[in-house]
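Using the sequences and the accompanying hints, generate a full structural model.
There are 2 protein chains.
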Amino acid sequence: MTHILIIGGGGMLGQKLAHHISAEQTFSPDARVSLFDLSFPVEGAPGEITVGDIAAPNSAKLLAAQRPDVIFHLAAIVSGQAEADFDLGWDVNLMTTWALLNALRDEHNATSGAYRPRLVFASSIAVFGAPFPERIDDEFLCAPLTSYGAQKAASELMISDFSRKGYIDGISLRLPTLCVRPGKANAAASSFFSGIIREPLNGLEAVLPVDDTVRHWHASPRAAARFLTHAADLDTKLLNDRRALNMPGISCTVAEQIEALRTIAGQDAVNLIKHVPDPDIERIVKGWPRDFQTDRALELGFRAESSFEDIIRVYLEDDFRA
Amino acid sequence: MTHILIIGGGGMLGQKLAHHISAEQTFSPDARVSLFDLSFPVEGAPGEITVGDIAAPNSAKLLAAQRPDVIFHLAAIVSGQAEADFDLGWDVNLMTTWALLNALRDEHNATSGAYRPRLVFASSIAVFGAPFPERIDDEFLCAPLTSYGAQKAASELMISDFSRKGYIDGISLRLPTLCVRPGKANAAASSFFSGIIREPLNGLEAVLPVDDTVRHWHASPRAAARFLTHAADLDTKLLNDRRALNMPGISCTVAEQIEALRTIAGQDAVNLIKHVPDPDIERIVKGWPRDFQTDRALELGFRAESSFEDIIRVYLEDDFRA
Chain A
1 MTHILIIGGG GMLGQKLAHH ISAEQTFSPD ARVSLFDLSF PVEGAPGEIT VGDIAAPNSA
61 KLLAAQRPDV IFHLAAIVSG QAEADFDLGW DVNLMTTWAL LNALRDEHNA TSGAYRPRLV
121 FASSIAVFGA PFPERIDDEF LCAPLTSYGA QKAASELMIS DFSRKGYIDG ISLRLPTLCV
181 RPGKANAAAS SFFSGIIREP LNGLEAVLPV DDTVRHWHAS PRAAARFLTH AADLDTKLLN
241 DRRALNMPGI SCTVAEQIEA LRTIAGQDAV NLIKHVPDPD IERIVKGWPR DFQTDRALEL
301 GFRAESSFED IIRVYLEDDF RA
Chain B
1 MTHILIIGGG GMLGQKLAHH ISAEQTFSPD ARVSLFDLSF PVEGAPGEIT VGDIAAPNSA
61 KLLAAQRPDV IFHLAAIVSG QAEADFDLGW DVNLMTTWAL LNALRDEHNA TSGAYRPRLV
121 FASSIAVFGA PFPERIDDEF LCAPLTSYGA QKAASELMIS DFSRKGYIDG ISLRLPTLCV
181 RPGKANAAAS SFFSGIIREP LNGLEAVLPV DDTVRHWHAS PRAAARFLTH AADLDTKLLN
241 DRRALNMPGI SCTVAEQIEA LRTIAGQDAV NLIKHVPDPD IERIVKGWPR DFQTDRALEL
301 GFRAESSFED IIRVYLEDDF RA
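Respectively, the protein sequence lines represent chains A and B.
Residue numbers for the first sequence follow the numbering used here, so the first one is 1 and each next one is one higher.
Residue numbers for the second sequence follow the numbering used here, so the first one is 1 and each next one is one higher.
It should be emphasised that the hints constitute simulated quantities derived from the structure, not laboratory data.
Please note: incorrect hints may appear among the correct ones.
Which copy is meant is left open, so a pair is good if it fits within one copy or across any two.
Taking lysine to aspartate or glutamate and the DMTMM-like style, the derived pairs with C-alpha atoms no more than 20 Å apart in a straight line are [unchecked claim]:
hint, residue 1, residue 2
1, K184, E259
2, K165, D91
3, K165, E282
4, K165, E83
5, K184, E107
6, K61, D91
7, K165, D85
Okay, here's the thing in structure tokens:
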């Protein structure tokens, strides 16, 4: 029986993933799905729930001791919070990856090498920092300009090295900004990219803290859940030891996002967006990528939406409650 | 009075650096130079010596508490050993960097931000992993294929982020393979690049474990000591938040190295080189860079030798004892 563990399973992406696994039966029908997180939504996705702090001593050990076949490591302090609380960001975003990898290696060694789990890590396009080329390709350097990006990039290095040594079989997916996120705004500096679509669709005002010429890189939560299960299934030999992958997405400006909203929901929805510049968010977002050439991921079968309108439609289908 | 600390001051490069600082008075004439390492050569370079293990608890704290103005962090487990002893490599090559950065940040905070030392970190071209372009430029990705390379790359990320936040003022130099290393062969997989020159010059046999078509990237220990002092003095604003730099060097094949040896020391010296293929070393070296385009470093004033013959002459001037 396949055992799937989702660390960070209570978060938005963890819940999307658990729903997706259950609805699509992406693993064997009798697969056991465990979710680990600080908290869970009341009406959560199907799975065995464990409430705990992955950053607490022994959490990684206890989870590894169950020897899950596939581990999705999604737990993270978001970018804005990692910038505000330096220690917390490094502790949660890097040192828990480190603890998890070592705990998995201990199980690998305890089984004389028989245990070698697939680890799928949610990395981020924040590993890249400006100045960029117009489109970032698969060989562009990681030069993060946020603590969050540095923590994700360092985690990728560890995951690649533990994999190269055969202790685990890891893969890191540099996810686009997920849009349209359901629910409430969060502390991520990228939160507004969803807010300016989600709030107007729900008849609420939304704040746009940056200029509408800002270009960014998006994929839907549904696409991200599919990236993750596709990565869990992938023949990692095809990665040729480059185990961090830029995921596909849609590159568009805020103005183009707003145009797509107008097409789908009309001018009344667009009128609910208020431009209130926020210098802190402007500064962070300035250091973020705008467009990618993702040949490697596409060759490996990862697929995103093909327009921002499609991204809005996914939100309406999956998360909108009129 | 400027206080200079060299962590790894007892090693080959640390000693070169201490001699260079003393001979050239690269800092103020009354600069205090402290050297910290597990052991030191009997006739060592001038400086205050402390014998200790940087990986021991409290070492980083005790060193940071002295609030040195400039810290050269050269302590490392070499590539071959980091490959053989996985735990030791990560502990020494990454986790001591982490402990050092946190200890320096504590001093920064204890002085309300007044203390912000220059940290010069000896990184390595091992942060790059094959496949490469013919020449690696300043924007090529880090995809290390050794634990040593991964540890150096992750250290760079930490140093950049602590610097971006203003806790330290760091810079990481990706040193070429240092050649010709004086003294004895060490456990580094790159040791033979020096051995095939050094041993014949001293009338000894040398083993060449790879094919002579292998191309690699070299600079002399003297050039490396100059890179380090140049970095200690550099206006880091010029780095535009990209604090890891590929250093200049000489790209040549083993055959070209041997040609240079023939020019300087004759056929008798060349006859002392025995080709004994070593599959382990061949495999590691295959993952290493061959050539670089180092525009950024050159613009910032870093200078290496201009031919491999010059590199041999530096060895004869600095280290050869007939």
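To see whether the hints hold, each was checked on the structure:
no., hint, verdict
1, K184 with E259, "neither (23 Å within a copy, 68 Å between copies)"
2, K165 with D91, "between (24 Å within a copy, 16 Å between copies)"
3, K165 with E282, "between (41 Å within a copy, 18 Å between copies)"
4, K165 with E83, "between (32 Å within a copy, 9 Å between copies)"
5, K184 with E107, "neither (39 Å within a copy, 39 Å between copies)"
6, K61 with D91, "both (16 Å within a copy, 19 Å between copies)"
7, K165 with D85, "between (33 Å within a copy, 11 Å between copies)"
Checked against the numbered hints above, the structure breaks hints 1, 5 and satisfies the rest.
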